[in-house]
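Q: This is what each chain is made of:
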Amino acid sequence: MTRLLHPTRRGLLLAGGAGVLTAALPGYVGAQAAPIKVGFQLHRTGIGASYGRWYERTAQAALKVINDGGGINGRPVEILFEDDATDPKRGAEVVDKLTQSDGCDLVMGTLFSHVVIGSAPRAGELKVPYLVCSEGYHVASGMLNRWTLQPGITDVRSQISAMAPWVSANLGKKVTMIFPDFAFGHDHRDFFTAAMQAQGGEVIAQIAIPPTETSFTRYFPQIPAETEVLYHVMVGPAVLTFVKELGEFYGSGAKPQIFGFIDSLEAVDTATPGLEFLEGTHFWEAHNRVKPADAGEHEAAYRTAVGVDDNGASVSDAADIATYSHMFSTWETLFAIKAGMEASGYAGPADRQKFVEAMEAMTDLPYGIERPQGAKVFNGKTHQVFGTQNISQVQGGKLVRVHQTSLADGAYEDAVDYTTMSF
Amino acid sequence: MAFGPFLLLALMEGLVTSAVLALAAAGLSLVFGVMRVVNVAHGEFYMLGAVLAWAVSAVVPGPPAVAFVLALIIAPFLVAAFAAAADGLILKRLNYDPEATIVATIGLLYMIQQATLSLYGPNANPVQAPFEWRIQLPWFGYSGYKLFVVVAACLVLVALWSFLSRTKAGLIMRATQIDRTTARAFGINVDRVYMGTFALGAGLAALAGVLIVPIQQAHYLMGGDPLLLSFIVVIIGGLGSLRGTLVAALFIGLSDGVISMFFTPTLAKILATLLVAMVLVFRPQGLFGAKA
Chain E
1 MTRLLHPTRR GLLLAGGAGV LTAALPGYVG AQAAPIKVGF QLHRTGIGAS
51 YGRWYERTAQ AALKVINDGG GINGRPVEIL FEDDATDPKR GAEVVDKLTQ
101 SDGCDLVMGT LFSHVVIGSA PRAGELKVPY LVCSEGYHVA SGMLNRWTLQ
151 PGITDVRSQI SAMAPWVSAN LGKKVTMIFP DFAFGHDHRD FFTAAMQAQG
201 GEVIAQIAIP PTETSFTRYF PQIPAETEVL YHVMVGPAVL TFVKELGEFY
251 GSGAKPQIFG FIDSLEAVDT ATPGLEFLEG THFWEAHNRV KPADAGEHEA
301 AYRTAVGVDD NGASVSDAAD IATYSHMFST WETLFAIKAG MEASGYAGPA
351 DRQKFVEAME AMTDLPYGIE RPQGAKVFNG KTHQVFGTQN ISQVQGGKLV
401 RVHQTSLADG AYEDAVDYTT MSF
Chain G
1 MAFGPFLLLA LMEGLVTSAV LALAAAGLSL VFGVMRVVNV AHGEFYMLGA
51 VLAWAVSAVV PGPPAVAFVL ALIIAPFLVA AFAAAADGLI LKRLNYDPEA
101 TIVATIGLLY MIQQATLSLY GPNANPVQAP FEWRIQLPWF GYSGYKLFVV
151 VAACLVLVAL WSFLSRTKAG LIMRATQIDR TTARAFGINV DRVYMGTFAL
201 GAGLAALAGV LIVPIQQAHY LMGGDPLLLS FIVVIIGGLG SLRGTLVAAL
251 FIGLSDGVIS MFFTPTLAKI LATLLVAMVL VFRPQGLFGA KA
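Chains as they are written, first to last, in this note's numbering: chain E, 1 to 423; chain G, 1 to 292.
These aren't lab readings, by the way, just hints derived from the structure by calculation.
Be careful, since some hints might not be right.
Label pairs and their calculated CB-CB ranges [unchecked claim]:
id	chain 1	residue 1	chain 2	residue 2	range
1	G	V66	E	E342	56 to 62 Å
2	E	S141	G	A277	37 to 43 Å
3	G	T167	E	P210	50 to 56 Å
4	E	E125	G	S118	29 to 35 Å
5	G	G121	E	S141	30 to 36 Å
6	E	A194	G	M278	42 to 48 Å
7	G	R36	E	A194	55 to 61 Å
8	G	Y110	E	S422	41 to 47 Å
9	G	A115	E	E226	38 to 44 Å
Below 25 Å or equal to it, Euclidean Cα-Cα: the simulated SDA-like pairs (lysine to any residue) are [said to hold, decoys possible]:
id	chain 1	residue 1	chain 2	residue 2
10	E	K354	E	G103
11	E	K255	E	T281
12	E	K398	E	V268
13	E	K89	G	M111
14	E	K398	E	P210
15	E	K97	G	L117
16	E	K89	G	L117
17	E	K173	G	A2
18	E	K398	G	K269
19	E	K255	G	T264
20	G	K269	E	I207
21	E	K381	E	S141
22	E	K255	G	Y145
23	E	K398	G	Q128
24	E	K174	E	G142
25	E	K354	E	F423
26	E	K255	G	L11
27	G	K269	E	T212
28	E	K255	G	F263
29	E	K89	G	N123
30	E	K89	G	Y110
31	E	K354	E	N379
32	E	K174	G	G141
33	E	K255	G	F262
34	E	K255	E	E276
35	G	K269	E	P88
36	E	K291	E	N170
37	G	K92	G	M111
38	E	K174	G	F263
39	E	K174	E	Y250
40	G	K269	E	K255
All values reported here derive from a predicted model rather than from experimental measurement.
For each residue, glycine too, the CB sits at the ideal point set by N, CA and C.
Assemble the whole structure, with the sequences as input and the hints as a guide.
A: Below you can see the structure in the form of structure tokens.
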């Protein structure tokens, strides 16, 4: 008792020290369990809104799988979504806000190529990893910077290189192209034209349409009569109008073979009235909207997690069609972030450079729940991932896979080595 | 495609553009002519018409034609009522001061657009046409509904014309347009005329929106499309002159169709804008406008 009432100097110091440690403990534990913040630059509004809606759902589903599995490096993960209105200027501001104000560890998720090209320089200045889900060739072309990577979706150049041999062998040699008049469409124009030439085919007309256009009939008379294959790719809120007017234009008369990128019909039901003319035509798909009979073992789990039925529509609303050939990229990118952070022992923004270096060291990415679209190979030099592609035919109003390419079909020479660039 | 059919398609597309433009621009011209208000939010009334048509088609069961006819009645009426309220709450309180009303209608534009974004969402939603009928010509197919739009627009414009020239309400509107003060001295309730005119202009824009939505889709940003061309039409035709507006709409619509098709749509816009500049320099009152 006397000791308690008359504490020694040493006892007081010990007790005080223990008190300080106890007080500091929650802070220490908190620092360990503080969530990793992933900033998501989302096309919630503007011309990319239908993609944004599904990108958000898919990313949320992947986030849940990751957090249920213990998060990343023992820390939970959270995603901060910020709308960029599918606008390049706003895009750069969003990168800024997510990084500087919200303290995100990295930024991901951008789709539209003009927004990527408008935002990536800011990410480079802020030295924040910027992981895009865009398809554009702008990453692998060397146009951007060391902080920008595309680990979740194959680029347009590779997709097209893989498609062209099949198109020229099965549909025809004389091609007319219709594409949106901005970076993404220009990738299609340049690389498909070159790829057809390599196959002994020829692109006889190139019809560029502004991505904000709402009326399309006026462009169709430019399609030369000798066209054997009509190649179309369109984006924006008016894609349904585009395809409908194409159907009206050809009507019941003679029409060429039609090969489209599914972008022209993402988030649109192929059985919509007015689209009957698409029966028998072909589409590129990265990830088959209608579940193929021989789908991989993780396909069902992926669809359930995101909330998509076997026809590629939302389970809660059959009229809400997914952007199925693009949205898997957010899922796969999030799992690539997990792998990169674990490989680099990522602890905080100071490790951002280590994270990029760990990403660059990635190569084989096997098929699994992390990559429901299929196995991929990541090229650390060009910061670009490569996977297989599919060609589907509309049969009975539904997209049915008729061909799958191999990784080798889409290979091309590296145009850049980002690893030699400074951070 | 041979020259003949090519030109035919260009003219058909141009006629559709003209028809929609004439409806939208007639409302704009009327509002300016009678009220001297430059309504920058006019395109948003057009968008509201399209979005309301979608809403009606989503709620009304049965064949699409029934929902479409209902939308043709309900959407312009609701938009007109909304415009009347906006007139009473905003424009009237600014005493229809030309500069203040421009700023106010810019504000109105953003309020309507963002409110639509919040309530309706960012997606483009299709509305089924009242009938699916395709004309198959030897060279190309064409949507029968588009031709219906041209006919419908003509009917509405004839009705508008006879309303202005044959009815007492039209007479009162024209009297107010010519001289507001004298009209008031003759016991005309100018405030009511203004409110009615603003509602009528908005209703016409909404009607154009309902007619266009089966061709395009209802989207919260679509109000910007007709706005520039409507202003071009109204300036070329002469602000406040309905006849000038119709002639200019026909001219701009057809030339837009032909130039877009034989050259590029961008060139069509460039030339139309250049024409406006020329008209403003050499004939500021417009082709059919009275000298101020």
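Q: Compare the structure with each hint and give your call.
A: These are the hints, each one checked on the structure:
Checked against the hint of 56 to 62 Å, the pair V66/G and E342/E passes, with Cβ atoms roughly 59 Å apart. At roughly 40 Å, the beta-carbon separation of S141/E and A277/G lies within the given 37 to 43 Å, and the hint holds. Remark: the range hint 50 to 56 Å for T167/G to P210/E is contradicted by a beta-carbon distance near 43 Å. At about 33 Å, the CB distance of E125/E to S118/G agrees with the hint of 29 to 35 Å.
Range check, G121/G to S141/E: Cβ separation about 35 Å, and the 30 to 36 Å hint holds. Taking the beta carbon of each, A194/E and M278/G are about 44 Å apart, inside 42 to 48 Å as hinted. Between R36/G and A194/E the beta carbons are some 58 Å apart, a value that agrees with the proposed interval 55 to 61 Å. At roughly 44 Å, the beta carbons of Y110/G and S422/E sit within the given window of 41 to 47 Å.
A beta carbon spacing of about 51 Å between A115/G and E226/E contradicts the range 38 to 44 Å that was offered as a hint. Restraint check for K354/E and G103/E: the C-alpha separation of about 18 Å stays at or below 25 Å, so the hint holds. A C-alpha spacing of about 11 Å is found between K255/E and T281/E, which places the hinted pair at or below 25 Å, so the restraint holds. This hinted pair checks out: K398/E and V268/E have alpha carbons roughly 12 Å apart, not beyond 25 Å.
For the suggested pair K89/E and M111/G, the alpha carbons sit about 22 Å apart, so the restraint of at most 25 Å is met. For the hint linking K398/E to P210/E, the alpha-carbon distance of about 29 Å lies beyond 25 Å, and the restraint is violated. Between K97/E and L117/G the CA atoms are separated by roughly 22 Å; this keeps the pair inside 25 Å, and the hint holds. For the suggested pair K89/E and L117/G, the alpha carbons sit about 20 Å apart, so the restraint of at most 25 Å is met.
Restraint check: the Cα-Cα separation between K173/E and A2/G comes to about 23 Å, which is no more than 25 Å; the hinted pair holds. Restraint check: the Cα-Cα separation between K398/E and K269/G comes to about 39 Å, which exceeds 25 Å; the hinted pair is violated. For the suggested pair K255/E and T264/G, the alpha carbons sit about 24 Å apart, so the restraint of at most 25 Å is met. As the CA atoms of K269/G and I207/E are separated by approximately 18 Å, the hinted pair is consistent with the 25 Å bound.
Straight-line distance between C-alpha atoms of K381/E and S141/E comes to about 11 Å, which keeps the hinted pair within the 25 Å bound. With a C-alpha separation of about 22 Å, the suggested pairing of K255/E with Y145/G holds against the 25 Å cut-off. A threshold of 25 Å between alpha carbons decides the hint, and for K398/E with Q128/G the separation of about 20 Å falls inside it, so the pair holds. Distance hint between K174/E and G142/E is unfulfilled; the C-alpha atoms sit about 31 Å from each other, more than 25 Å.
At roughly 11 Å between alpha-carbon atoms, K354/E and F423/E fall within 25 Å of each other, so this suggested pair holds. The straight-line distance between the Cα atoms of K255/E and L11/G is roughly 23 Å, inside the 25 Å bound, and the hint therefore holds. Distance restraint check for K269/G and T212/E: the Cα-Cα separation of roughly 14 Å lies within the 25 Å cut-off, and the hinted pair is therefore satisfied. For a cut-off of 25 Å, the pair hint linking K255/E to F263/G stands: about 23 Å separates their Cα positions.
For the given pair, K89/E sits about 21 Å from N123/G by alpha-carbon distance, which is consistent with the 25 Å threshold. Of the supplied pair hints, the one linking K89/E and Y110/G holds, its CA atoms being roughly 19 Å apart against a limit of 25 Å. Simply put, K354/E and N379/E have alpha-carbon atoms about 17 Å apart, close enough for the 25 Å limit, and the pair holds. As the CA atoms of K174/E and G141/G are separated by approximately 23 Å, the hinted pair is consistent with the 25 Å bound.
Distance check on the hinted pair: K255/E and F262/G sit about 21 Å apart at the alpha-carbon level, within 25 Å; holds. In summary, the hint linking K255/E to E276/E is supported, as the alpha carbons are separated by about 13 Å, within the 25 Å threshold. Proposed proximity of K269/G and P88/E is supported: the alpha carbons are some 24 Å apart, at most 25 Å. At most 25 Å may separate the alpha-carbon atoms for a hinted pair to count; K291/E and N170/E meet this at roughly 24 Å.
Proposed proximity of K92/G and M111/G is supported: the alpha carbons are some 18 Å apart, at most 25 Å. Taking the CA atoms of K174/E and F263/G, the gap is about 23 Å. The hint holds against a cut of 25 Å. In summary, the hint linking K174/E to Y250/E is supported, as the alpha carbons are separated by about 18 Å, within the 25 Å threshold. For a cut-off of 25 Å, the pair hint linking K269/G to K255/E is broken: about 31 Å separates their Cα positions.
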